[in-house]
Amino acid sequence: MNPKRSANKKYWKPKSKRWLAAAILSPAAAVAASALVPNVQAVNTLYYRTALVAFLAALLVLWTMRRFRNRLYHYSQFIAAAGLALTVLDLLTTKSNILKLPFFPGPTQIVEVLYTERAMLFVCTVYSLRLFFAGLACGVILGVATGVMTGWNRQWNYWLFPVLKIIGVIPPVAWIPLALVVFPTSFYAGIFLLALASWFSIAFMVAGGIASTPKAYFEVSRTLGASERFLLFHVAIPNAVPSIFTGIATSAGMCFMTLVITEMIGAKAGLGWYINWAKAWASYDKVYASILIMGAAFCIILGVINLFRNYFLRWQK
Amino acid sequence: MIEVRNISRIYYDTSGLPTEALLAVSLAIRQGEFLSLIGPSGCGKTTLLRLIAGLDLPQSGELLIENRAIEKPSHERGYVFQQAALFPWKTVEENIAVGLKARHTYKEKKSLVPEYIRLVGLTGFAKSYPHELSGGMMQRVAIARALINEPKALLLDEPLGALDAFTRIELQNTIRRIWSETGTTIVLVTHDVDEAIYLSDRIAIMTARPGRISEIIDVEINSRRDRNHDDFINLRRRALEKLHLAGEVYANVRGAGEAI
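Line by line, the protein sequences give chains W and A.
Be aware that the first sequence starts at 4, since it is given in my numbering, and climbs by one per residue.
Be aware that the second sequence starts at -2, since it is given in my numbering, and climbs by one per residue.
I should point out that these hints are in silico values taken from the structure, not numbers from a laboratory.
You may find that some hints are simply not true.
Unchecked claim - Straight-line alpha carbon distances no greater than 30 Å define the calculated DSSO-like cross-link-like pairs of lysine-lysine that follow:
1) W:218 <-> A:107
2) A:87 <-> A:149
3) A:107 <-> W:12
4) A:124 <-> W:13
5) A:124 <-> W:320
6) A:149 <-> A:107
Unchecked claim - Partial pick of chain W residues on the chain A-facing surface, computed with a CB cut under 10 Å:
7) 171
8) 222
9) 237
Where is the CB? At the ideal position from N, CA and C, for every residue including glycine.
Chain A on its own, in the form it takes in the complex:
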């Protein structure tokens, strides 16, 4: 459904030195699948997501959605940032309705707003302002705001990266439920291997300098049900090996991460 063909994106710093954020990356994302992009920081996973959104343009290569070129942002591709980027002057329901208002369909589709509030589990908070919400609730609003446009694809840019461990697991479950209820194609950028396995059909592992996709791992439906299942653990080991993070090093990193 979304095709990324031979994309390159190079950034130049102030002294004119190039950084190859993405070099000759190709990827085909299927209709209705859940795909995660995972890799170390600086591997270009966010860049790739922004290119798919149309928020950035590549120097070379092609980006297609249903065989049409992606040239600019569109409501067809909903985007959720790591920081929810809610409009602080709007209430929860007003934030969720922004997409309808922007596309002048608010009058006909007003009734969708409470539906999406319920979908993300925020019933009772319709009239709250963002500053009254926790980080996890803000991300729920951001997800509902993107989903109300019924996008062909939902692009999630580390949406859980700034949340604590409990909220993160709650929201992973919510995202999984939303995916099964709406059937939307979801592309998730994350640096959490467990999260990627738990949620995805496929995991694209990326490496840095230059940014490329080194491997795509298929996740069997059964192996992602239970985080303590052998299949889950095997997949995690495989993914970590690909990321060159296997064994003790990773254990340390995880320990440190959880202590925070």
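Excised from the complex, chain W in its bound form:
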């Protein structure tokens, strides 16, 4: 293999001046298109242009900071593509009306909505995140508890394993009709559904992690004077911690999906609710704004889970 290529494993093309130039030129092209081509649709271009210029300025500031430089190179292909996509979308919508309103608002309008509706979007994001983390936390607690019991104790395993297996394959949203009747508010119903969405995959992973503890760990602990309790809490459960995080990471996606569907069907707040509400008013710009925020929020959620994972699994290679 070319040694130049294998030199940097973490960053892709960390020295490519060409891609960096593209990453600066393509958002600049988006600004130029927005400023120079006359609008066909009636829009306020201030926010879109400001956002693009601010983004370009941020790129240049990051470029001056040495520790971000490799990362900037790494993402420059993405940035270039995004700038190009924005330019093309802008030309197809606001500038020509080829893609028609209200279903296909241009980036100009979506950015405008992100700014003018910021208070509402912020509240909805907070609601969604609150429900997400409350539900996931319940799922993790229940999942770890049942997983440990299933993996450790044969009597519990006898009962829990088949139950987990059957309930685990049912899509959590199938319980929505029941949840909305049983729980006093849509918030608690949401927690129930999200907990269901994460519970089973976490429980399975934890049970597997407990059961796969090497026999030698138990034997060596016994010769060191360990009690059964010690074997569980200091040997088997720590051994299952990587599985707990695999369970959380795999169920986070399912949880997020359940969150949005639950909010779209039953809730009075949150990003899912906001999409439904905006759709009723045919404000598709708000729908897309909400979708964009969801994407960003989920990326951040995964990042946070990863931070915790790296902290708790710092003993791994």
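Once you've looked at the hints, dock chain A against the given chain W.
Chain A only, in chain W's frame:
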């Protein structure tokens, strides 16, 4: 101190056929001695060590330590596996402290941890995780982890079997030093004749199918000082004869072993 009386241990395979891992084995291990169990694979040397540890139970016979029956594992008998079996989520010092934590004596005896780190020669590695250590260092941690409980006997199950030749000699010296510093009774399972002679007071030679002790060789203190001394070489020849490995065959086996 440890008495093995007329022990038999039979394993059954999936089709129900018996294998006599140990048949009517008797052995008395003295207080403070270094005894090696040596023999071909399948001779039951590890089985015997596991029985002494209490990790396995015999079908018949008696196992006693200071005249009390051995029925289950205890911190009195520290055990070191061929694969160190360190807890990967614990640092070196945490691994060594497991015995104290398990017996709820950590608070009073915390100060022992650095002492045992020093004893096995790992000063400076207290905060390292097992994946950062070499195989030899892992075995040092495993030995310290067993020793911190101040066991009556230390049982070593081929602890150097997975190490390269240089590390192995280093660790043999460390084990010999630890033995003289702590005075613990040590039982070592090994398939390396030189290692057994170099370290032991006595060598119990075992044979396979059925597993028995065929002979016990006393090693004079002077003959084990120097691997090239005539006494050492004579002892090696004697042990190899007992193992039916004398002469050319053994030379070949050794050559092959060292090439690896």
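Now the hints, each set against the structure:
Between residue 218 (chain W) and residue 107 (chain A), the direct Cα distance comes to roughly 28 Å. Compliance with the 30 Å bound is thereby established for this hinted pair. With a CA separation close to 26 Å, the supplied pair residue 87 (chain A) and residue 149 (chain A) stays within the 30 Å bound. For the hint linking residue 107 (chain A) to residue 12 (chain W), the alpha-carbon distance of about 43 Å lies beyond 30 Å, and the restraint is violated. Using a Cα cut-off of 30 Å, the hinted pair residue 124 (chain A) and residue 13 (chain W) holds, with the two alpha carbons roughly 27 Å apart.
Our distance criterion of 30 Å between C-alpha atoms is met by residue 124 (chain A) and residue 320 (chain W), whose separation comes to about 15 Å. Distance hint between residue 149 (chain A) and residue 107 (chain A) is fulfilled; the C-alpha atoms sit about 20 Å from each other, no more than 30 Å. Against a cut-off of 10 Å between C-beta atoms, the interface hint on residue 171 (chain W) is violated, since the closest Cβ of chain A lies about 28 Å away. Checking residue 222 (chain W) against chain A: minimum C-beta separation of about 5 Å stays under 10 Å; hint holds.
Of the supplied interface hints, the one on residue 237 (chain W) holds, with its beta-carbon coming within about 7 Å of a beta-carbon of chain A, less than 10 Å.
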